[in-house]
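Peer 1: Here is what each chain is made of, one letter per residue.
There are 2 protein chains.
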Amino acid sequence: MEIKENSLIRLLKRFEKGSSSVIRGIGDDGAVVMLEQGGYVFVQDGLVEHIHFEFSFIKPYYVGKKAVYVNVSDVLSMGAVPMYFLVTIGIPKRITKAQVLEMYRGISAAARDFNLIMLGGDIVSAESDFFIDISMTGRLIGQDYLGRDKAKKGDLIGVTNYLGESAYGLFILKHGKGRDIKGVKRFIKRYIDPRPPYELWNELIKSGITNGMMDISDGLIMDLERMMAESKKSARVYMEDIPIPDMLKKSSMEVLALSGGEDYQFLFTFPRNRLPVIENIKGKGYHVSVIGEVTEGRGVKVFENGRPRHITSKGYEHF
Amino acid sequence: MEIKENSLIRLLKRFEKGSSSVIRGIGDDGAVVMLEQGGYVFVQDGLVEHIHFEFSFIKPYYVGKKAVYVNVSDVLSMGAVPMYFLVTIGIPKRITKAQVLEMYRGISAAARDFNLIMLGGDIVSAESDFFIDISMTGRLIGQDYLGRDKAKKGDLIGVTNYLGESAYGLFILKHGKGRDIKGVKRFIKRYIDPRPPYELWNELIKSGITNGMMDISDGLIMDLERMMAESKKSARVYMEDIPIPDMLKKSSMEVLALSGGEDYQFLFTFPRNRLPVIENIKGKGYHVSVIGEVTEGRGVKVFENGRPRHITSKGYEHF
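From first to last, the protein sequence lines are chains A and B. Sequence positions in the first sequence follow this note's numbering and run 585 to 903. Sequence positions in the second sequence follow this note's numbering and run 585 to 903.
Isolated chain A (complex conformation) (with noise of 0.2 Å):
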């Protein structure tokens, strides 16, 4: 790319949202925000080229607006609202103008979206591979936070929606075929823009029944195990009742809803006596599955027809 910072930074300014907490917005070395007392959620995310994706799979702007989304859902999951964050990327040359627009045009859709509001960052060169790095902020929406560590004895363990989705959208993608077969636009998508439950997540947080909770950001079976870990304790899973979508079934690769990474679903764990009100979303039309359940002890147990089952791979590995 061939443009000087200074013009990168007027051009950045373009997608800037006003907002009466932000004093000092893009343009000076950092950004100035009025913050009210309480409990800030903070955290950082970032995707890189080649690693989490590659631009013949999916175009800068929908980069931009997934390095939102993996953020959003991490505020989301500490039991927080999203408000400010700031957004690095590194440019190799071979990456355009046009390119980095479309980018932070994915980035301010999915901004709008979630109220969110951009405070700036850094714009650098990379030498070989793109990357996008995102910081956001939030507050804690209760006086106390969701996380991995307070999921208790005897819970039930909820997930949101359907699993495997977001990975068998990436199989038929870096596959080349079966683009064609009907019903699959639904999983090609849901990897490209995998936009975080919010509404079904909002009726969770107003029933206030959620003890522990995460997002499902490397497979089901290694993000329950560190939520375990994290809350000392087991959770025994029943396979019968993880939501695999049917055309996974059909394909057998049940195993991409165990392990298959990137569904940014909810994972969270509720009292058993709170059973109805999760009945009741239900009701309103979101799909909600309980999957198992909190027991005493370590790791993850997952049954099949009553018969413990060995999962191999449990998610995707970073390194």
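A couple of the hints might just be wrong.
Since the list gives no way to pick out one identical chain from another, each pair is judged satisfied if it fits inside one copy or across any two copies.
[Claimed, not checked] DSSO-like mimics (lysine-lysine), calculated; alpha carbons at most 30 Å apart, straight line:
(1) K681 to K898
(2) K758 to K677
(3) K790 to K601
(4) K790 to K868
(5) K643 to K681
(6) K597 to K816
(7) K677 to K643
(8) K681 to K816
If you're looking for bench data, these hints aren't it; they were derived computationally from the structure.
We have chain A; now place chain B onto it with these hints.
Peer 2: Frame of chain A, contents of chain B only:
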């Protein structure tokens, strides 16, 4: 690097420092912090291998330190005290676990120095280039921020310490000779370990005389131009008053003090009648130079022996 993310997180927890304001630290989808009501500064700045540094010139420990410093410098220059930060690192396979650990030791050392708390971040693989990206939050000291848009007509322009040191240090490192020349060490140190002059900054802040402030990261002239553009003013600068180290003069490399970049010194403006306050700070043993003045108009004009001097290289262009 061959290490699982779960073990890396455990490893990072070693560098975690407790604080009563942090309700939930490393190990969840996000960190939770209790904040008082007030004005907060948000910054985010990254360093990319082959663009900002080479591991052949600077060890991982100092890359970690420097990544913290550049953000501390930005927060300070807004008139705020840095408090919390998050780190994303992108790690190609050739980087060892020992090197990653060394980098976090550097991050921790810089954090301790400024009383900062690491809240978390992201550790991702990268295909070719290593990168580190840090977001930092600080709290405004006064009611208002100091910024690039605050320079006033008639203000004098000050800079802290010497300029061009870091650029000269890099020059020495790159050309591989001259490392043994007496007095060169300090320049190399400034490139490798550019700690912002916090104590001097503190004197300036306590005095309350500064109007505009920014840190010099891309070269004096370019950064001063940015300040003048934001303040809608013009600057007159006198070559004779710019703090150019003698060794740069001897080597005819004065230009590095004007446009070398990575100085991480502070550039500030203050009312002419407060000059005695600056003299008083200098009397305490600090090095401050008054290099020019703010006038109506646009742009930066440099004078040498009373005559305009044309500056061809104004600073570091990122693209």
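Peer 1: The structure should be examined with respect to each hint, and the outcome stated for every one.
Peer 2: Verification of the supplied hints:
1. K681 to K898: Answer is between; shortest inter-copy Cα gap is 23 Å, intra-copy 40 Å.
2. K758 to K677: both (25 Å within a copy, 23 Å between copies)
3. K790 to K601: Intra 28 Å, inter 34 Å, cutoff 30 Å: intra-copy only.
4. K790 to K868: Result: close within a single copy only, 14 Å intra versus 59 Å inter.
5. K643 to K681: Within one copy only: 14 Å inside a chain, 33 Å across chains, cut-off 30 Å.
6. K597 to K816: between (47 Å within a copy, 17 Å between copies)
7. K677 to K643: Both: 17 Å inside a copy, 26 Å across copies.
8. K681 to K816: Intra 49 Å, inter 28 Å, cutoff 30 Å: inter-copy only.
Going through the hint list in order, the structure satisfies each hint without exception.
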